[in-house]
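Keeping their order, the protein sequence lines are chains W and G. When you line the first sequence up against this note's numbering, it's residues 720 to 1044, in that order. When you line the second sequence up against this note's numbering, it's residues 61 to 529, in that order.
No lab work stands behind these hints, which were simulated from the structure alone. It is possible that part of the hints are untrue.
Using 25 Å as the maximum straight-line C-alpha spacing, the simulated DMTMM-like pairs for lysine to aspartate or glutamate come out as follows [what the hints assert, rightly or not]:
1. 891/W - 469/G
2. 774/W - 337/G
3. 940/W - 953/W
4. 940/W - 69/G
5. 909/W - 936/W
6. 410/G - 953/W
7. 909/W - 937/W
8. 772/W - 209/G
9. 101/G - 522/G
10. 291/G - 180/G
11. 774/W - 824/W
12. 163/G - 473/G
13. 176/G - 202/G
14. 940/W - 519/G
15. 891/W - 473/G
16. 410/G - 337/G
17. 410/G - 754/W
18. 89/G - 485/G
19. 176/G - 489/G
20. 163/G - 373/G
21. 89/G - 522/G
22. 940/W - 1038/W
23. 949/W - 937/W
24. 62/G - 98/G
25. 291/G - 469/G
26. 163/G - 180/G
27. 62/G - 373/G
28. 101/G - 863/W
29. 163/G - 98/G
30. 410/G - 936/W
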Amino acid sequence: MISYIVRRVAYAIPILIGVNVITFVLFFVVNSPEDMARLHLGQRRVTQDAIEKWKADRGYDRPLIWNAEAHGLKKFSETIFFHNSVRLFMFDFGQSDSGRDIGYDISQRMWPSLAIAIPVFAVGLAVTITLALIVAFFRGTYIDTWAVVTCVAMMAISSLFYIIGGQFLVGKLLHLVPISGFEPGFVGAKFIVLPVVVGIVGSLGGGIRWYRTIFLEEINKDYVRTARAKGLSERAVLYVHVLRNALIPILTGVVVVLPSLFLGSLITEAFFGIPGLGSYTIDAIQRQDFAILRSMVFLGSVLYILALLLTDISYTIVDPRVRFE
Amino acid sequence: MKFTLLTTDVLFFGLIIAAGAYAWYAAGKEHLRAPWREVAKNSFATSAAAVLLTFLIIAILDSVHFYPRLDQVAGDRGKAHYATEVISLFDRVVGRLRSQVEKTYSAPFALTAFSKETIELQDGRSVRDYPRLRYGGAHLSEACERGLDIARRALGGALWAIAIWLCIVLPILYWHARRWTRAWALATRSEINGGGLIPFRVPLAVTAGIAVVVGVCAALAPYYHIFGTDKVGIDVFYQTLKSIRTGLIIGTLTTLVMLPFAIVMGITAGYFRGWIDDVIQYLYTTLSSIPGVLLIAAAALILEVYMVNHADEFTSLVVRADLRLLALCVILGVTSWTGLCRVLRGEAMKLREMDFIEAARAFGVPHTTIILRHMVPNIMHIVMISIVLDFSALVLAEAVLSYINIGVDPTMESWGNMINSARLELAREPVVWWSLLAAFVFMFILVLAANLFADAVRDAFDPRLRVIS
């Protein structure tokens, strides 16, 4: 098991290098630092001196990947590639284009993000699976048909509608919770409820339909027939046997959801004014802060690879037959 | 009129011609005709197709662009002058809808503006009141006539629509009846009761419904603002209709960009295995481990930098917006081919072990021929399913991306831009809800139709995926 994890982590390294090279090419080769400086300082009236100063302040005045003027190892280390890309591997994010410490910002903004993402993920999964099991229990009846129709309709509704509609209905008309804002600790629960509910409801349609398909595939297998033949109740068959055996496809589905959790939080946090990583990224996009964006791309890929690894490990827990070869 | 082709127009028409060529090709091949017949038997699918076709017609009309000819100036004979602004055939069709611009917000079917203004009366006094709109309901002299007038016009529009619908449907039914049975009344009855080869009842009802909606809108839109007007007074109904083209272009052109990557890489990886497989697998794992939205944001920012630094290359706003739309499609396509590529690689790996491929290899058929003749036709159903499944996701993604300002150009009509510019209006008192609702309703209809159609196509082309129930 440990050797498997070590191997998987080792396999992640070339992928992260690839991610790094892609971001490096996107941010520094396709666009020269000169272009970035012009974008930030304005187009027409900018002087060459101001551009040079802007570049020097951010360390963008070094050569791209090879410094011919330096000596020894510095030929490699005194470059933009080393300073701004290789350092990411040590989780040293450097400074944003506006001069703030990105690493510190991330460590501060992580917690509000988690406060939203974890309930959305955990409660959402529980609610979706429970509802899908109920729908599977009523398979072939009118309840099933109408549940599927509702799911298809819910899938066609834009995620923006859930957010705007939720804010309008709950926040503005009913005055149950504040429309947006954030406060740490238990006092802040009132700020978290609405984004979490909206996050869950928004993915309900697709989720129920997906898990229902998984359960219906399992229901036609032999072990289910055996369980029924033993005289188990339909409920026991579904909630004990089918649910446990469906865990592997469910886990695979969860991985599909994890990256979209990142995307979802981006919009949700911006709408609800939550000072998390999602709104941080949106702010960076709108202020055209390339340094923050580069760090978030790297961080996002690391998280994605970690999630994949966790899924594979959890396979062994839910199914002893899965072994790491 | 001087016609002009924008880049997306060319690609969009190319795509439609390609789809037409596919239809012509598939009509001659029984194995391709069979699954489509299966789709046609699904009444949800045919109804959805009718809705999609309506949207497509609007998008096609909106893709024929031209510079309108200006009126002749006296003394300047023989020389034609053209406007500098590009408009589309659709703008000509809707006519007045485009030019009826009010001052600012007005509610759906309103006769007066949304906010009070100081109005000068004829005797010199001035009062603060809601001013009458310049165009919305301007033909009415009294406000109380409105209800009756709307009902009258709506009824007229509906009757016209039904008449035109009958003119189209009756010959088709007649032709169908002649083809299958001789007795026309009998055949019609059996068609309507759903006894025919293809169930006609639901699609007939849906097309009649569409015809009535279109007729009523066409009758009312020149006289009222059906969905109200937005902040600068532009008719929201017109904006929503213009957004259809943007949505359809993103949904289709992105797939066009994505397909070559996915098909070529997927098949070569699965067929050749070895180091080619390793390289391609590494490539798509790396790309898919970057959160998609960040990659899109990064690429969009870089595009922004390029456009700012090369501002003089873009001759007009329309060309600029159009190129930005195309760039968005390319970016979305480049970031989204990995999923399909993985599936195709798996399928190609399965196929290469099949007897017929092995036989071809034993005969010494070259690799390219094997891939083109034997592999590609056998993975096409997966490609087809993926095209229709991706479409609705892309339409929804456009709205989200435009909200973060990395979507289409702000000057281009799109549902995302409508939502983006209207989201602050909910904070007003009283609420300005019509722009948001119009955008969401149209998006909902398009995506729902696309989803239903996609499900039917998936079931028909890949029976293994069909849900057992």
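Okay, the hints, checked on the actual structure:
no.: 1; hint: 891/W - 469/G; result: 31 Å, violated
no.: 2; hint: 774/W - 337/G; result: 41 Å, violated
no.: 3; hint: 940/W - 953/W; result: 14 Å, holds
no.: 4; hint: 940/W - 69/G; result: 51 Å, violated
no.: 5; hint: 909/W - 936/W; result: 40 Å, violated
no.: 6; hint: 410/G - 953/W; result: 37 Å, violated
no.: 7; hint: 909/W - 937/W; result: 40 Å, violated
no.: 8; hint: 772/W - 209/G; result: 68 Å, violated
no.: 9; hint: 101/G - 522/G; result: 16 Å, holds
no.: 10; hint: 291/G - 180/G; result: 23 Å, holds
no.: 11; hint: 774/W - 824/W; result: 22 Å, holds
no.: 12; hint: 163/G - 473/G; result: 19 Å, holds
no.: 13; hint: 176/G - 202/G; result: 19 Å, holds
no.: 14; hint: 940/W - 519/G; result: 21 Å, holds
no.: 15; hint: 891/W - 473/G; result: 29 Å, violated
no.: 16; hint: 410/G - 337/G; result: 14 Å, holds
no.: 17; hint: 410/G - 754/W; result: 48 Å, violated
no.: 18; hint: 89/G - 485/G; result: 54 Å, violated
no.: 19; hint: 176/G - 489/G; result: 13 Å, holds
no.: 20; hint: 163/G - 373/G; result: 34 Å, violated
no.: 21; hint: 89/G - 522/G; result: 18 Å, holds
no.: 22; hint: 940/W - 1038/W; result: 17 Å, holds
no.: 23; hint: 949/W - 937/W; result: 18 Å, holds
no.: 24; hint: 62/G - 98/G; result: 44 Å, violated
no.: 25; hint: 291/G - 469/G; result: 18 Å, holds
no.: 26; hint: 163/G - 180/G; result: 17 Å, holds
no.: 27; hint: 62/G - 373/G; result: 22 Å, holds
no.: 28; hint: 101/G - 863/W; result: 22 Å, holds
no.: 29; hint: 163/G - 98/G; result: 52 Å, violated
no.: 30; hint: 410/G - 936/W; result: 22 Å, holds
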